[in-house]
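**Student:** Could you put the whole structure together from the sequences, leaning on the hints where they help?
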Amino acid sequence: MYYDFPEGYPEFYPQELIDHLEKDDGEILSESMVDEIYTHLGSLGRFCQHKVWSLDHEFYNIEPMRVAYATIKSCRFGAFSYTSNGSLTQEKFDFIGINLGTPAILLSNF
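For the sequence shown, our numbering puts the final residue at 110, and the numbers step up evenly by one.
Bear in mind the hints are in silico, worked out from the structure with no lab data behind them.
The reader is advised that the hints may include incorrect statements.
To be verified - In the SDA-like style, the derived pairs of lysine to any residue whose C-alpha atoms are separated by at most 25 angstroms in a straight line are:
id, residue 1, residue 2
1, K92, L106
2, K51, L106
3, K92, E36
What the hints assert, rightly or not - Across the chosen pairs, the derived CB separations fall in these ranges:
id, residue 1, residue 2, range
4, E91, H40, 31 to 39 angstroms
5, D19, G78, 19 to 27 angstroms
6, E16, T102, 20 to 28 angstroms
Ideal placement from N, C-alpha and C gives every residue a C-beta, glycine not left out.
**Tutor:** Shown next as structure tokens:
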């Protein structure tokens, strides 16, 4: 899989977001590189989860929106954002996709 959604909110990701993630034509990191990144930056997931929780519960006051994230196994630098449209059965949310390319390049250089 090209991306890792953490467990928890939201329980449903719109097809539009999945299509955006899957259409990315950038190079995908190998599973061994992803494992190495998480070995050296094991707290990355916990850090992101904590920051998103803080945004969602303490600072993010756009009602009724929430915030979510996923790590993207892309060689690209940086991150991207997405805002869901919501529906009658699903909450609207803002999404942050974090590319693992930056830590991958740092690891390979150092």
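**Student:** Determine for every hint whether it applies to the structure shown.
**Tutor:** Structure-based check of each hint:
| no. | hint | verdict |
| --- | --- | --- |
| 1 | K92 - L106 | violated, 35 angstroms |
| 2 | K51 - L106 | holds, 22 angstroms |
| 3 | K92 - E36 | violated, 34 angstroms |
| 4 | E91 - H40: 31 to 39 angstroms | holds, 35 angstroms |
| 5 | D19 - G78: 19 to 27 angstroms | holds, 20 angstroms |
| 6 | E16 - T102: 20 to 28 angstroms | holds, 25 angstroms |
When held up to the earlier numbered hints, the structure conflicts with 1, 3 and fits the remainder.
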